[in-house]
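J.: Required output: the full structure, derived from the provided sequences and hints.
Just so you know, the sequences run in chain order A and B. Residue 395 in my numbering sits at position 395 of the first sequence; the count goes up by one each step and never skips. In my numbering, each residue carries its 1-based index in the second sequence increased by 1000.
Please keep in mind that the hints were generated in silico from the structure rather than gathered at the bench. For glycine and all other residues, C-beta sits at the position ideal for the given N, C-alpha and C. Errors might be hidden in some of the hints.
Claimed, not checked - Calculated pairs, DSSO-like style, for lysine-lysine (alpha carbon to alpha carbon, straight line, at most 30 Å): (1) B/1012 / B/1203; (2) B/1161 / B/1203; (3) A/106 / B/1203; (4) A/171 / B/1203; (5) B/1195 / B/1012; (6) B/1183 / A/13; (7) B/1012 / A/171; (8) B/1183 / A/157; (9) A/75 / A/220.
Unchecked claim - Computed footprint of chain A on chain B, listed as stretches where at least three residues anywhere in the stretch have a Cβ under 8 Å from a Cβ of chain A: (10) 1081-1089; (11) 1096-1108.
So you can see what is in the structure, the chains are spelled out below.
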Amino acid sequence: MIDAGISFHVSEKGYYGDFGGAFIPEMLYPNVEELRLHYLEYMMEPSFQKEFHFLLKDFVGRPTPLFKAERLSAKYNTQIYLKREDLCHTGAHKVNNTIGQILMAKRLGKHKIVAETGAGQHGVATATVCALMGMECIIYMGAIDIERQAPNVARMKMLGATVVAAQSGSKTLKDATNEAMRHWINHPVDTHYIIGSVVGPHPYPDMVAKFQSIISEEIKWQLQEKEGRDYPDYILACVGGGSNAAGAFYHYLDEPRTALIAAEAAGQGISSGHSAATTFLGKPGVLHGSKSLLMQTEDGQVIEPYSISAGLDYPGIGPLHAHLATSGRAKFFDITDEEALAAALECSMLEGIIPALETAHALAVFGKLGAKPNEISVVNLSGRGDKDLATYQKALKLND
Amino acid sequence: MNRISALFASRKEPILNIYATAGYPNLGDTMLVLNALQEGGVDIIEIGMPYSDPVADGETIQQSNQVSLDQGMTVSHLFDQLKNMRPSISVPVLLMGYINPVLQFGVERFCQKCQEVGVDGLILPDLPMAEYQQSYQSIFERYGLFNIFLITPQTSDERIKQIDAVSEGFIYMVSSASTTGAKSGISTDQETYFKRIEAMNLKNPRLVGFGISDRESFIKASNGASGAIIGSAFVKLLGNAKNLREEIVGFVKSIKGLK
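T.: Have a look at this one:
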């Protein structure tokens, strides 16, 4: 399954195979270069590690449980565990990265934070750590997302953040990211940009993956305790930019006994023209500072994606995932809005857990995976569904 | 000799470079705009290749890019529009844009087309120096294209020297930490920055861009460099113009202090 010659870790020049790099305007070069030169050194400092792990434990509530989903397991006649990232403070895995990056920002001497957000989970997680550390926080969010994720907008405001609507393009995550980058260009000296996914110029994809790798670090010992072996047969995660998947895959990238399964948002179907399934519809291209797979026209213009899930509504994918997809190391599934909604309802009714719409895409893979009865799967339950209630109410006709 | 080098070698007066989004305000206006700019006395024309996600650009240029794309502009359509621009357009012409459309068109094919229609250089802000040197420089050079790099007030002296070594034609000196069109006017801090760069004795001349909108800011910027670049202020004019040719000619003359 794994070709011994292929590396799934970032190269000296910031590449995963053919993907990655740092395609940024000169205005951002000093900041990105400073980060590139120091991020590993800062992360490894004992004082950084101590503070990071202290906050993950006492503020975020880690380790998050690895829960055996008995009724889902029975339904699909296989062994299913849920990695409960939905129980993280703020309701999703995003906070693992924002804790790491706010500590990084302090070491870089920055005192203002800018971030983009799609579903609002990264925005809330960023606003949260800014409140914790007393830093000024500006969040860019697509105007459409502001409407469909209203509870998260209110949370960010209550946490003291300024939420700015991105009005350009498709008014979703891509455009919020453009605006956040423009803000950083205009405020390069005092501001750190906390990118929320494994996208952006090197070293962001690697740094975010490393902060999120706590997820698979915990899965290893938790699975050892429960099953007597530290690896599953399958590990499943949804992929928009791909941060929760990167964290869940991280310690299994070189583990040949574990199949990596990624769920992408097919929207209304990959042939419908209303989709966000980048590995199915994308070609190599450059967006937001790195070369990766990208949904684009023949002329190289970025296509405005569509998904019912704001967190997966992105035309690109992190360069690590582009490499995992093209090398065959990970298997990608396209999951439609409808399939995700059904999976969300199923997980709620069978396990008493209302998952985020993003996460529901990963759960929907069980209908197609063909896992055997004795095989073990771990799904990264990346977020909880409270923020999606309005969408669920409407789509699942809960008010009828 | 590349037209850019010839211009800088022969000129004593401040050089005026004006940016215009291709296919804007109307898809078919590109050549009309180029001709009017030259008629007004512009020294270099920078043609913006519209892109869906121009992160280094502010609202004015973003919007003009979107309008042009919505009207059907593509890279190959632009080359069609420019195919007969020489010899009637005699000033140097640069294409400014983002790397992704160039990658999709094919870098070699793109450069070949540039040479065919008479483009002298490229400004691709999201193509960093390291990537350029590793994968693009030899192709650009094969087709006689200058790659214009940006420096900003935050660029270190060491990196400015590296950029100077790999640059040809001129260096694009960004006047302040910003996207295009975000600020206007030139402050004393910025003049100090221009002087600092001037004192470095670089081999390449510099043009100042960002924040230049009228004769006053053009003259101020030109005091610390060989000239300056106007973008957003001109694109605004394009968007509002009632008589395109006349207003373009008048604008260029006003910047150059001509009647």
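J.: Hinted pair, alpha-carbon criterion (30 Å max): residue 106 of chain A, residue 1203 of chain B. Please report holds or violated.
T.: violated (39 Å)
J.: For the pair supplied as a hint, residue 1012 of chain B and residue 1203 of chain B, is the alpha-carbon distance within the 30 Å limit?
T.: holds (17 Å)
J.: Would the pair residue 75 of chain A and residue 220 of chain A pass a check requiring their Cα atoms to be no farther apart than 30 Å?
T.: holds (25 Å)
J.: Counting residues of the region 1096-1108 of chain B with a beta carbon closer than 8 Å to any beta carbon of chain A, are there 3 or more?
T.: Since three or more residues must qualify, the claim that chain A covers the region 1096-1108 of chain B holds, with 8 doing so at under 8 Å.
J.: Does residue 1203 of chain B sit within 30 Å of residue 171 of chain A, going by the straight-line distance between their CA atoms?
T.: Not satisfied, since the Cα-Cα distance of roughly 44 Å exceeds 30 Å.
J.: So is the region 1081-1089 of chain B in contact with chain A by the C-beta rule, three or more residues under 8 Å, or is the coverage claim wrong?
T.: violated (count 0)
J.: Take the C-alpha atoms of residue 1161 of chain B and residue 1203 of chain B, compute the straight-line distance between them, and say whether it is at most 30 Å.
T.: holds (9 Å)
J.: Would the hint linking residue 1183 of chain B and residue 157 of chain A be met if the CA-CA limit is 30 Å?
T.: Holds, because 28 Å separates the two Cα atoms, which is no more than 30 Å.
J.: Between residue 1183 of chain B and residue 13 of chain A, does the CA-CA distance stay at or below 30 Å?
T.: violated (34 Å)
J.: When you check the alpha-carbon spacing of residue 1195 of chain B and residue 1012 of chain B, does it fall within 30 Å?
T.: OK: residue 1195 of chain B and residue 1012 of chain B at ~18 Å, within 30 Å.
J.: Would the pair residue 1012 of chain B and residue 171 of chain A pass a check requiring their Cα atoms to be no farther apart than 30 Å?
T.: The hint is violated at about 47 Å.
Hint violations for this structure: numbers 3, 4, 6, 7 and 10, all remaining hints satisfied.
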